[in-house]
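S.K.: Model the placement of chain U on the given structure of chain P, informed by the hints.
Chains as they are written, first to last, in my numbering: chain P, 5 to 341; chain U, 5 to 341.
Hints should not be assumed to be uniformly reliable.
Any copy, or any two copies together, can satisfy a pair, since identical chains are not distinguished.
[What the hints assert, rightly or not] Listed below are the simulated SDA-like cross-link pairs for lysine to any residue, each with C-alpha atoms no more than 20 angstroms apart in a straight line:
{"#": "1", "residue 1": "K190", "residue 2": "G108"}
{"#": "2", "residue 1": "K170", "residue 2": "G137"}
{"#": "3", "residue 1": "K175", "residue 2": "N322"}
{"#": "4", "residue 1": "K203", "residue 2": "N155"}
{"#": "5", "residue 1": "K50", "residue 2": "E151"}
{"#": "6", "residue 1": "K276", "residue 2": "G242"}
{"#": "7", "residue 1": "K254", "residue 2": "L266"}
{"#": "8", "residue 1": "K249", "residue 2": "G139"}
{"#": "9", "residue 1": "K271", "residue 2": "T256"}
{"#": "10", "residue 1": "K204", "residue 2": "E42"}
{"#": "11", "residue 1": "K249", "residue 2": "E214"}
{"#": "12", "residue 1": "K138", "residue 2": "G274"}
{"#": "13", "residue 1": "K249", "residue 2": "G277"}
{"#": "14", "residue 1": "K196", "residue 2": "F140"}
{"#": "15", "residue 1": "K175", "residue 2": "Y284"}
{"#": "16", "residue 1": "K249", "residue 2": "Y220"}
{"#": "17", "residue 1": "K270", "residue 2": "N304"}
{"#": "18", "residue 1": "K76", "residue 2": "G211"}
{"#": "19", "residue 1": "K153", "residue 2": "S302"}
{"#": "20", "residue 1": "K262", "residue 2": "G274"}
{"#": "21", "residue 1": "K249", "residue 2": "T260"}
{"#": "22", "residue 1": "K138", "residue 2": "G221"}
{"#": "23", "residue 1": "K82", "residue 2": "K138"}
To be clear, the hints were calculated from the coordinates, so they are not data collected in a lab.
There are 2 protein chains.
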Amino acid sequence: MRIIVDGMGGDHAPGEIVRGCVEAAAEISEEIWIVGREAEIAAELKKCKYNSSQIRVIHAQEVIENCDAPVKAVRTKKDSSMVVGLNLLKSGSGDVMISAGNTGALMAGGLFILGRIPGIDRPAIATTYPILGKGFSLMVDSGANAECKPNNLLEFGIMGSIYMQKVFGVKSPTVGLVNIGAEESKGTTVVKAAHQLLKKSDLHFVGNVEPRELPYGICDVIVCDGFVGNTILKLTEGFALNVLKFIKHKFTEDMTSKMGALLLSKKLKGLKGEFDYSSYGGAPILGVKGALIKVHGSSNATAVKNGILKALPYARENVVQRIEEAVLSLEDVESGE
Amino acid sequence: MRIIVDGMGGDHAPGEIVRGCVEAAAEISEEIWIVGREAEIAAELKKCKYNSSQIRVIHAQEVIENCDAPVKAVRTKKDSSMVVGLNLLKSGSGDVMISAGNTGALMAGGLFILGRIPGIDRPAIATTYPILGKGFSLMVDSGANAECKPNNLLEFGIMGSIYMQKVFGVKSPTVGLVNIGAEESKGTTVVKAAHQLLKKSDLHFVGNVEPRELPYGICDVIVCDGFVGNTILKLTEGFALNVLKFIKHKFTEDMTSKMGALLLSKKLKGLKGEFDYSSYGGAPILGVKGALIKVHGSSNATAVKNGILKALPYARENVVQRIEEAVLSLEDVESGE
Numbered sequence: 005m006r007i008i009v010d011g012m013g014g015d016h017a018p019g020e021i022v023r024g025c026v027e028a029a030a031e032i033s034e035e036i037w038i039v040g041r042e043a044e045i046a047a048e049l050k051k052c053k054y055n056s057s058q059i060r061v062i063h064a065q066e067v068i069e070n071c072d073a074p075v076k077a078v079r080t081k082k083d084s085s086m087v088v089g090l091n092l093l094k095s096g097s098g099d100v101m102i103s104a105g106n107t108g109a110l111m112a113g114g115l116f117i118l119g120r121i122p123g124i125d126r127p128a129i130a131t132t133y134p135i136l137g138k139g140f141s142l143m144v145d146s147g148a149n150a151e152c153k154p155n156n157l158l159e160f161g162i163m164g165s166i167y168m169q170k171v172f173g174v175k176s177p178t179v180g181l182v183n184i185g186a187e188e189s190k191g192t193t194v195v196k197a198a199h200q201l202l203k204k205s206d207l208h209f210v211g212n213v214e215p216r217e218l219p220y221g222i223c224d225v226i227v228c229d230g231f232v233g234n235t236i237l238k239l240t241e242g243f244a245l246n247v248l249k250f251i252k253h254k255f256t257e258d259m260t261s262k263m264g265a266l267l268l269s270k271k272l273k274g275l276k277g278e279f280d281y282s283s284y285g286g287a288p289i290l291g292v293k294g295a296l297i298k299v300h301g302s303s304n305a306t307a308v309k310n311g312i313l314k315a316l317p318y319a320r321e322n323v324v325q326r327i328e329e330a331v332l333s334l335e336d337v338e339s340g341e
Numbered sequence: 005m006r007i008i009v010d011g012m013g014g015d016h017a018p019g020e021i022v023r024g025c026v027e028a029a030a031e032i033s034e035e036i037w038i039v040g041r042e043a044e045i046a047a048e049l050k051k052c053k054y055n056s057s058q059i060r061v062i063h064a065q066e067v068i069e070n071c072d073a074p075v076k077a078v079r080t081k082k083d084s085s086m087v088v089g090l091n092l093l094k095s096g097s098g099d100v101m102i103s104a105g106n107t108g109a110l111m112a113g114g115l116f117i118l119g120r121i122p123g124i125d126r127p128a129i130a131t132t133y134p135i136l137g138k139g140f141s142l143m144v145d146s147g148a149n150a151e152c153k154p155n156n157l158l159e160f161g162i163m164g165s166i167y168m169q170k171v172f173g174v175k176s177p178t179v180g181l182v183n184i185g186a187e188e189s190k191g192t193t194v195v196k197a198a199h200q201l202l203k204k205s206d207l208h209f210v211g212n213v214e215p216r217e218l219p220y221g222i223c224d225v226i227v228c229d230g231f232v233g234n235t236i237l238k239l240t241e242g243f244a245l246n247v248l249k250f251i252k253h254k255f256t257e258d259m260t261s262k263m264g265a266l267l268l269s270k271k272l273k274g275l276k277g278e279f280d281y282s283s284y285g286g287a288p289i290l291g292v293k294g295a296l297i298k299v300h301g302s303s304n305a306t307a308v309k310n311g312i313l314k315a316l317p318y319a320r321e322n323v324v325q326r327i328e329e330a331v332l333s334l335e336d337v338e339s340g341e
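Just chain P, same shape as in the assembly:
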C-alpha cells in the first residue's frame, strides 16, 4: 500500500508535512510519496532520519494557495502538488491521499479528477467532533454543502456510518440527525423529509439530536447540512478557545488564584488537549471515488502523522467500495428489487 501526501499544502508546508511523513513512516511499513517541489522537500528531508526506500519525492512545480479560487486553481495549476497527487491516486499509483491544502480546491479536485461514487449525489467532509473525556463523534457534512436535499443527508448518514465501522471499528454506529427539537415534526422541510428517509433506512438511526446534546456524545455519526455542520464545528472551536483564554486570565488575576492554578497545571493542560481535533486523524472527503483526506491547514507534524495513520484503515478496508455497494443496494430497495 502506498500513501500520497501533498507536500506543499497547509500553513506549515513543506517543513511540518515532511516531518509528519517521517514520523509516520517510523511507525508503519507502507511507502509514502510526498508530492511537491523536489528541492524544497529534499531539503526538509535532509534534516530528518528516515528510511529512503520508504519515502519518495514526486516533483510538482506549482502550488495551490489558500487564496486561490478552488475550481480555477484545479483547472489551471495542472502541475500543482495537489493535482499531481490526485492523478496518482486516480491512476492507482497510490491508495490514499492526504492534503492540508485549500479545502475547496481539494473538494473540487476530488470531484473533477476522481469523480463521484455512483449513486452519491454530493460528496461531504466528515470531521471528528471531540467529546470531552469520551472520544468523538463523526460529523457529516462539516462544510462542503451549504444547501442539501433530503437524500443528501441520507447519503451522509450511510457514508459516515461505514467510515466509523471500517476506520474506527464501531460495530453498529448510531446515527443522529441535527434538529432543533426531538419531535419528528420539528425543523425545516428538508430536515423533516430526511428524518423519514433515515428512519426507513438500514442505519442505526437514533432520531433527531439536539445541538445541546452534541457535546455529550449523543451519537457516533452526526448528520447535518454543511452550513449547520460548519457552524457547530467552528462555534465549538471558538468557544473552547475562548473558555481556555478566559480561564487562563481569571486564574492568574491574583496570587491565590495563581497558586491554585499551579496545583491544577496538569489538569489545565489536559483540558487543552481535550479540545484538540487532530489526534483522531484528518477529515475524509466521503463520496469521491478515492480515499481522500483533508488535514487541517494549520497542521503540525503530529497532526500530519495522525492523518497518515488513520489513512491506512481507510484504504485497507476499501471504504470507498463499501460505500458504493451500500448505495447500490439502496437503489435496489428503492426500485423494489
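M.R.: Then chain U, alone, in the frame of chain P:
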C-alpha cells in the same frame, strides 16, 4: 405603566414567578398584574412581604402546559393565564407582558391575539447570547422561524438593532450575518441575498460573522434563521454545561487538584455565572404588535425579576412603534418615495 405576568407559565410556577414579581416590585414603582389561578397565586403571595396596591391578581382558570400543541392550546384554552394576559396586553390594560410558559404557544398567541407589526413578515425571538467577561450579543432569530426568506433576515436585523438601542442604550448597534465564511459569495442562496439587503440598509452592518467569532462578541446583533440561531444557542449552553461538569470532575480527582480548586473556588463560581443567560432579562418576541417577553421555562425568581426590569425600557421606549416606523420607512425607500 403596568406589567402583565403570566403567573402559571414555567417549570416553577406559580411559586418562583410570584416571588420574582414581589422582588421586582420592591425595585420599581410600576404596577404588576399576575394572571392565573387566584387561590394558588394568593397562597404564594401570602408567603411574601409586598405592597398590595402594587401587585394585583387577575384570575384565569386554565393553564397552557409545555406539552400542549401551541396553536390548539391558544385557540381552545381561552381562559388560560397566557391567553387572558395577551388579551389584557392587546386591550391596553397592560403595557408589556412576561411569560415563562410554552414558547410555541406564546408565539402563536402573540400572532393571533396581538397580530404582526405592519410590514413585518415573520416575528422572531431575540435572545441574549453571553460573551465571556463582556456582556452579550442579541441573537435574532433564536428559534421561531426554522426557514427564512432574505427579507425576514433583514427584518430581524432592523428589529434587533432597535431593541439594542432602546433597551440597552447601544448607540449604533453593529449587525452581523451568521455565515460559514467572511466572503459575500459564501453560504446558502438565502444568506447571500440577505447579505445584499443588509448591506444596502441603513443598519450598521458589519458583514458576515463566522460562528467561530461569536463567543468573542463580534457584533451587537447576530442575524440568522431560527434553525441556525437555536443551534448556536443550545450548542453553547450544552457545551458550557459540559465544560463546567468536566472541569469539576477533573478538579476533584485527587487531593492536589482539590486543593487547587479550593484556592480557585471564587473564580470557578464566577465562571458559572458567566454562562448565565438570565441576568440580561428575557427574550422579546419582536415583530408582534405588543411588548411581549419570554423568560426561560426554568426561570427562578431572580430570572423573572430580571425579565420584569428589562421589560420597562421595552415598553417605555415604545420599541414596537419604533419598529413599525422603521419598517414603514423601509417600504418608502423600496417604492422609491
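S.K.: Within a copy, between copies, both or neither: which one fits K50 and E151 at a CA-CA cutoff of 20 angstroms?
M.R.: Intra 46 angstroms, inter 56 angstroms, cutoff 20 angstroms: neither.
S.K.: At most 20 angstroms between CA atoms: does that hold for K203 and N155 within a copy, between copies, both, or neither?
M.R.: So K203 and N155 pass the 20 angstroms test inside one copy only (12 angstroms; across, 34 angstroms).
S.K.: Under a CA distance limit of 20 angstroms, which applies to K249 and E214: within one copy, between copies, both, or neither?
M.R.: For K249 and E214, only the inter-copy Cα distance (19 angstroms) is at most 20 angstroms; the intra-copy one is 27 angstroms.
S.K.: At most 20 angstroms between CA atoms: does that hold for K190 and G108 within a copy, between copies, both, or neither?
M.R.: This pair counts as between: shortest inter-copy Cα distance 12 angstroms, intra-copy 32 angstroms.
S.K.: Give the relationship of K249 and G277 under a CA distance limit of 20 angstroms: within one copy only, between copies only, both, or neither.
M.R.: both (14 angstroms within a copy, 17 angstroms between copies)
S.K.: Cα distance capped at 20 angstroms. Does K153 pair with S302 within a copy, between copies, both, or neither?
M.R.: neither (32 angstroms within a copy, 36 angstroms between copies)
S.K.: Within, between, both or neither: how does the pair K196, F140 come out at a Cα-Cα threshold of 20 angstroms?
M.R.: neither (26 angstroms within a copy, 32 angstroms between copies)
S.K.: Reference check for the pair K204 and E42, CA-CA at most 20 angstroms: within, between, both, or neither?
M.R.: neither (52 angstroms within a copy, 50 angstroms between copies)
S.K.: If the cutoff is 20 angstroms on CA atoms, where do K76 and G211 land: within, between, both or neither? Let me know, please.
M.R.: neither (40 angstroms within a copy, 26 angstroms between copies)
S.K.: Go through the copies and call it for K175 and N322: within, between, both or neither, with a Cα cutoff of 20 angstroms.
M.R.: Within. Shortest intra-copy distance 16 angstroms satisfies the 20 angstroms Cα cut-off; inter-copy 59 angstroms does not.
S.K.: Evaluate K262 and G274 at a C-alpha cut-off of 20 angstroms and name the case that applies: within, between, both or neither.
M.R.: both (18 angstroms within a copy, 16 angstroms between copies)
S.K.: Taking 20 angstroms as the upper bound on the Cα-Cα distance, should K249 and Y220 be classified as within, between, both, or neither?
M.R.: between (22 angstroms within a copy, 11 angstroms between copies)
Of the numbered hints listed earlier, those contradicted by the structure are 2, 5, 10, 14, 17, 18, 19 and 23.
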